[in-house]
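There are 2 protein chains.
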Amino acid sequence: MGSAAQLPHPFDPLTASEIEIAIAVVRKAHGTDVFFNVVTLHEPRKAEMTAWLAAPESAPRPKRIADVVVIAVGGKVFDGLVALDEPTIISWVVAEGQQPIITMEELQLVEHIARKDPKVIEQCVISGIPAEDMHKVFCDPWTIGYDERFGSSVRLQQALMYYRPDIDACQYQYPLDFCPIFDADKQQIIAIDIPKVRRPLSKAPSIDYHPAGVESRGGYRKNLKPINISQPEGVSFKVEGRELEWQNWKFHIGFSYREGIVLNNITFNDKGTVRPIFYRLSLAEMVVPYGNPEHPHQRKHALDQGEYGAGYMANSLSLGCDCKGAIHYLDAEFPTRAGGIRTIKNAICIHEEDAGILFKHTDFRDESVIVTRGRKLIVQQIFTAANYEYVVAWVFHQDGTIQPEIKLTGILNTYSMDPDEDTLGWGTQVYTGVNAHNHQHLFCLRVDANIDGANNTVYVNDAVPGEAAVGSPENFYGNAFYNKRTKLATTGEAITDYNGATSRTWEMCNPNKLNPYSKKPVSYKLVSREALTMLPKEGSLVWKRAAFARHAVHVTKYRDDQLWPAGRHVPQTSGEPSRGITEWIGDGSESIDNSDVVLWHTFGLTHFPAPEDFPIMPAEPMSLLLRPRNFFAGNPVMDVPPSYSSTPSQLLANGSGVLDATDKISKLAFPSNGTNGHTENGGSCCSKA
Amino acid sequence: MGSAAQLPHPFDPLTASEIEIAIAVVRKAHGTDVFFNVVTLHEPRKAEMTAWLAAPESAPRPKRIADVVVIAVGGKVFDGLVALDEPTIISWVVAEGQQPIITMEELQLVEHIARKDPKVIEQCVISGIPAEDMHKVFCDPWTIGYDERFGSSVRLQQALMYYRPDIDACQYQYPLDFCPIFDADKQQIIAIDIPKVRRPLSKAPSIDYHPAGVESRGGYRKNLKPINISQPEGVSFKVEGRELEWQNWKFHIGFSYREGIVLNNITFNDKGTVRPIFYRLSLAEMVVPYGNPEHPHQRKHALDQGEYGAGYMANSLSLGCDCKGAIHYLDAEFPTRAGGIRTIKNAICIHEEDAGILFKHTDFRDESVIVTRGRKLIVQQIFTAANYEYVVAWVFHQDGTIQPEIKLTGILNTYSMDPDEDTLGWGTQVYTGVNAHNHQHLFCLRVDANIDGANNTVYVNDAVPGEAAVGSPENFYGNAFYNKRTKLATTGEAITDYNGATSRTWEMCNPNKLNPYSKKPVSYKLVSREALTMLPKEGSLVWKRAAFARHAVHVTKYRDDQLWPAGRHVPQTSGEPSRGITEWIGDGSESIDNSDVVLWHTFGLTHFPAPEDFPIMPAEPMSLLLRPRNFFAGNPVMDVPPSYSSTPSQLLANGSGVLDATDKISKLAFPSNGTNGHTENGGSCCSKA
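First to last, the protein sequences are chains A and B.
Reminder that position 497 of the first sequence reads as 497 in full-length UniProt numbering, one-by-one numbering, no gaps.
Reminder that position 611 of the second sequence reads as 611 in full-length UniProt numbering, one-by-one numbering, no gaps.
I should point out that these hints are in silico values taken from the structure, not numbers from a laboratory.
There could be a bad hint or two in this list.
For identical chains, the list gives no copy identity; a pair is met inside one copy or between any two copies.
Stated by the list, open to error - Each computed DMTMM-like pair below joins lysine to aspartate or glutamate, with the alpha-carbon atoms no more than 20 Å apart: (1) Lys664 <-> Glu233; (2) Lys519 <-> Glu421; (3) Lys76 <-> Asp185; (4) Lys664 <-> Glu353; (5) Lys28 <-> Glu86.
Modelling step: build the complete structure from the supplied sequences, incorporating the hints.
Here it is in structure tokens:
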């Protein structure tokens, strides 16, 4: 495979040729009539990988292994491992009664079969669509969640039905009221769920967001002047393969069919010492439960990552469109169902942005001042889950903060309603005849902590008043308050919820290393204010299937392959028993004190739709912070060059020696406007008035 | 005063010449030996103002009136109103036993007097500072909060003491352990608070953030490449006087000595209909309680706006420094203590920023796509409150959202500690000998709602599970959940706290106007996840003085002059009785249903310092949203021109008609890097791979 320099990094996703090798080996052993569901990197065992990272020249290089899932004729599912160097199959087992992830190709198929199904045509006609208009009928195929009538052994999809009066119309404004069930093995519609109360096709005029639609309503606004962003001297980051270096950060950027972006071996160069922070960071799972209890809407609770894959659904991004400035892209390679290669060009984009003021201080005595601007680095992907788009950004700040940020846009999932129907509070009429159901977006952030080493301890931190009463000697004026730290010593104790009243945070610390000044353990804090309650009740189907979402935080002891908190094969799980995190936690007695731990954090938002979200949703952002606390000995960004700095002695010397590196590109908005007496770029920055 | 076109807008701050008129009138009546504490706009009565805004040509123009506070010899305080047109004094009353705001000039004075005070010199010598080094002793004068030994009738400041080994050193690394009390009328130090345990001056080496300090530790990083932001065709906003129009928004930008930026008469042009949203928005008050119960630290709980003024402490901003791009500035004019004029050049900056993806959707079938970028407008000021800086930004989004955002930077307030001293949890050693005490920043946002008219109602919204049990016919699968709305019918009911478990929001709605589709009242929602608990206990000094901070939300019925929730004159209030909001709410029985209401929202953060915050703090941002819900009939930004749009029919026609307006300024980060097969700007945006 060529020299070491050309070898893939052990964290690299499988290359196209590696995928091809795995496919060839499987075909040789198991024939050519298998469908390839997954061919992905079997991630290196942590013990091996850690040894290699510590001594890449001398330690054995972790072997490249493909994790393979295939579906054979009759729907039989196999989990395999293929050692790529030999190459040979090293493991091959039947995944009995389990359904692996649903691929984009499988999703694409349903609509074509549904359109030709006589029973579907019959229902369309009942809804008011002529049989000859079946090409105007579309469906968003979803995993079925779990339907007790069918169980898990038949591979199913539910087809959410829509009508487009013309091919360019936004389909979500014309939902149909029935729901065909698709058998992926038979490639047939095997049932149709039909509500008791029928809702004929809406006759409302089309409300479209495409240019013709906007033109028909008066056209585009013409009062937005361009903003240009450029980096004439290039970017401030370096990329070698998939390893990125920027502003003391270094990390590897992986990409999986399931989680999308995976960040590995995140370190920070602290004045020459490379300090590990996270072994691995990813969005590991998500679930979108809908709140309408009427059958079959309870089935709408996509676990988008385990059921479709944030990698498989990734958008191909484009220059000057999805982000601005100087961009670096990385592609993604996946197998096709038939055993070919599917490439998503530009699946990841990487760029810098100005981050506003990094720090500033003015001395009120003499107006001596320092102003320093910050910069951030953004590693981003966008994926489309049928109607919704998720913009997932990993934002790195110079001060050691990592800010995972998600923006939700795209289109509401909708259902039909009669003009005078009462939504009963389970949804909102967002347009005539369009009922957008209440739903939540619950994301699970997986944090494999490595705070100055693998052995870490997790605490919850609560801001609380001092215990002593007002008027007591210890708290005479009643103003005492402090940070109450509670150790999460076992996996059971670590099952914790958010507490808004105490501004609760979670601290991942290394108890073996103290800050030289504060004498507190070096730590990273999870600051997440979008920690929400999963609203489906205890014992509900979603509660059983998506156990990770029951609480804001779980902590487990690290074990290889425990990557996905709702389990390996997620579609059609019944939740009995609940897969993934509940299995790993078991009775909750395992110690996680001062050991290699993984923190799982559920965050997100509850969406009660409103007409402003329709027919396409203005992006709603949400973010959380992983912040260094007692990690550094001092402010780690003091050496970022300031825009302007004047000291008292410089001002006393009439400004001699003042550092003026203000941005000369900036201009007055109205240079000819003399009302404030400005001259363009006139005057020195921040000087005393 | 010239023609109507040249008249100030009734919402405009007083001009320099208006301040001069007011001062002249007061001097004529009351002599020249009075100190001018405040000369500010007495805001127009709402009834008059509303009538004039509705019919500026025919309704009487609200008169310009100055609100004046002066301090006479002997410390006697007068509140006056001066009608500027006549000009004449129309009201003049003694503010008995009250202390008006402390001006920057009053703050500046204390240090000079303290340095010469023999008892202060004595304490400095005890601390280890030679008497001849008193020019190296500095003090940050603070309001005294309330000290029961002195009461409210003597005008006081407490002097937090520091040492600078050289004039350019960051003083907060050398705190002294005693605290002189300054009498502003006598201009004398009248007492010194001396702790039982003495802490001599720290001998730690200086850790400075100024260029010489950074150079001494290895110098500045050299790996940050510039990012240029420009608007070659100018900005997208228009300014007439202090009225700004941008992307359907229109509002007036005021500025007061106390609140800083005040936004008035905020409207949104909804397809030709100008719809009122907020009559007035401002940050009305704040309090920063410190959590160390040891005397005299309980006095550290600055109500920075009521005690010093976010306007009085405003920074003079500069081009290319405090923000980037094309900037418009507005100045501020205030009286000096002696009756002159003090101008803060560029007290407000206004600019646009790219806001990332506004909306995007890709059809998974054919990858037809629309991508539209958003823009935001930022109206910003920065103020320095001794050690801290507050960057206050009012961010307007195209979709009708207003996002107040505050960044905290500057320097921690610090106190001395012995090398082996236990901080007892009330603070953190952030550097050798430097104890940074726990504290909170609690801000009070004042929202004078005007949602399609003055008569509004406030609800709390809680996301809750359906009541019916899992397995019941109404909720068989247990997935039901809904938005529970609770009307806040009286001022007492409206005293509400945040509930993180229900992702609580507050809805300001107009019950007299329903959305055409959802049939819900048009509303704006307050979405604030940084709603925190004030940690000083019930009955504590801060709890009494800053009653607004006891709860996340209060709602009052609008009354003229009820602008500041901790009262008009804040320094040295005892909190008995509590001023401001508690007086206005009274017994809580007043109806606020369908009436002219003001919502007061407390938000902020609790800061347990860490070494990374020292010697200067990387900015910590915090924001909340005022979001339209059921306000618009549909997505209000569909007419923002997309970067790229392709429809299914265009893709079928081989891309004919596709709208490609991608940003041609954007470049590949590594144009010569062929690994991904890119060519610069090559390929059409977002097209099918």
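Hints, verified against the model:
1. Lys664 <-> Glu233: Intra 15 Å, inter 17 Å, cutoff 20 Å: intra and inter.
2. Lys519 <-> Glu421: between (63 Å within a copy, 12 Å between copies)
3. Lys76 <-> Asp185: within (10 Å within a copy, 90 Å between copies)
4. Lys664 <-> Glu353: Answer is both: 18 Å inside a copy and 17 Å across each meet the 20 Å cutoff.
5. Lys28 <-> Glu86: This pair counts as within: shortest intra-copy Cα distance 14 Å, inter-copy 100 Å.
Every hint, counting from the list given before, is met by this structure.
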